[in-house]
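Given the sequences, and given the hints that come with them, work out the whole structure.
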Amino acid sequence: MTFTLNNRSQNKESSLTQALRQIQQLNSKIQELEQQHQDYVQKQQNLIPAIAEICISPIQEVQALRILIYKGEGECRRYLRSVLVKRKKAL
1 MTFTLNNRSQ NKESSLTQAL RQIQQLNSKI QELEQQHQDY VQKQQNLIPA IAEICISPIQ
61 EVQALRILIY KGEGECRRYL RSVLVKRKKA L
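Quick note on my numbering: the sequence shown kicks off at 1 and runs consecutively.
It is worth saying that the hints were derived from the structure and are not from the lab. Note that this is a predicted model, so its numbers are computed, not measured. Accuracy of the hints is not assured; some may be wrong.
[Said to hold, decoys possible] The calculated label-pair distances, taken between Cβ atoms and stated as ranges, are: (1) HIS37 <-> SER57: 25 to 33 Å; (2) LYS71 <-> SER15: 21 to 29 Å; (3) LEU26 <-> ARG66: 28 to 36 Å.
Positions of the beta carbon are idealized from the N, C-alpha and C atoms, including for glycine.
Structural data, given as structure tokens:
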């Protein structure tokens, strides 16, 4: 009887230890995702002054912001480069 009770206690402790380890892993993953999100937001915010500087018309600015929001930083940079190329060709 004592062996059964000890075995049950060990199983409960083992389950609690596993649950604690999983919680710690989830917390680490949450911190990692939060950092990735902050980096993503910072990269997007860094593009806003470039959008204002490069785009001549409000329509271009709106288009650049739409691209930034829906397609991301890389696509927005490509759009801004294309705006600059078109402007140089027009000169």
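Results for each hint:
no.: 1; hint: HIS37 <-> SER57: 25 to 33 Å; verdict: 32 Å, holds
no.: 2; hint: LYS71 <-> SER15: 21 to 29 Å; verdict: 46 Å, violated
no.: 3; hint: LEU26 <-> ARG66: 28 to 36 Å; verdict: 35 Å, holds
Violated hint: 2 only; the structure is consistent with all others.
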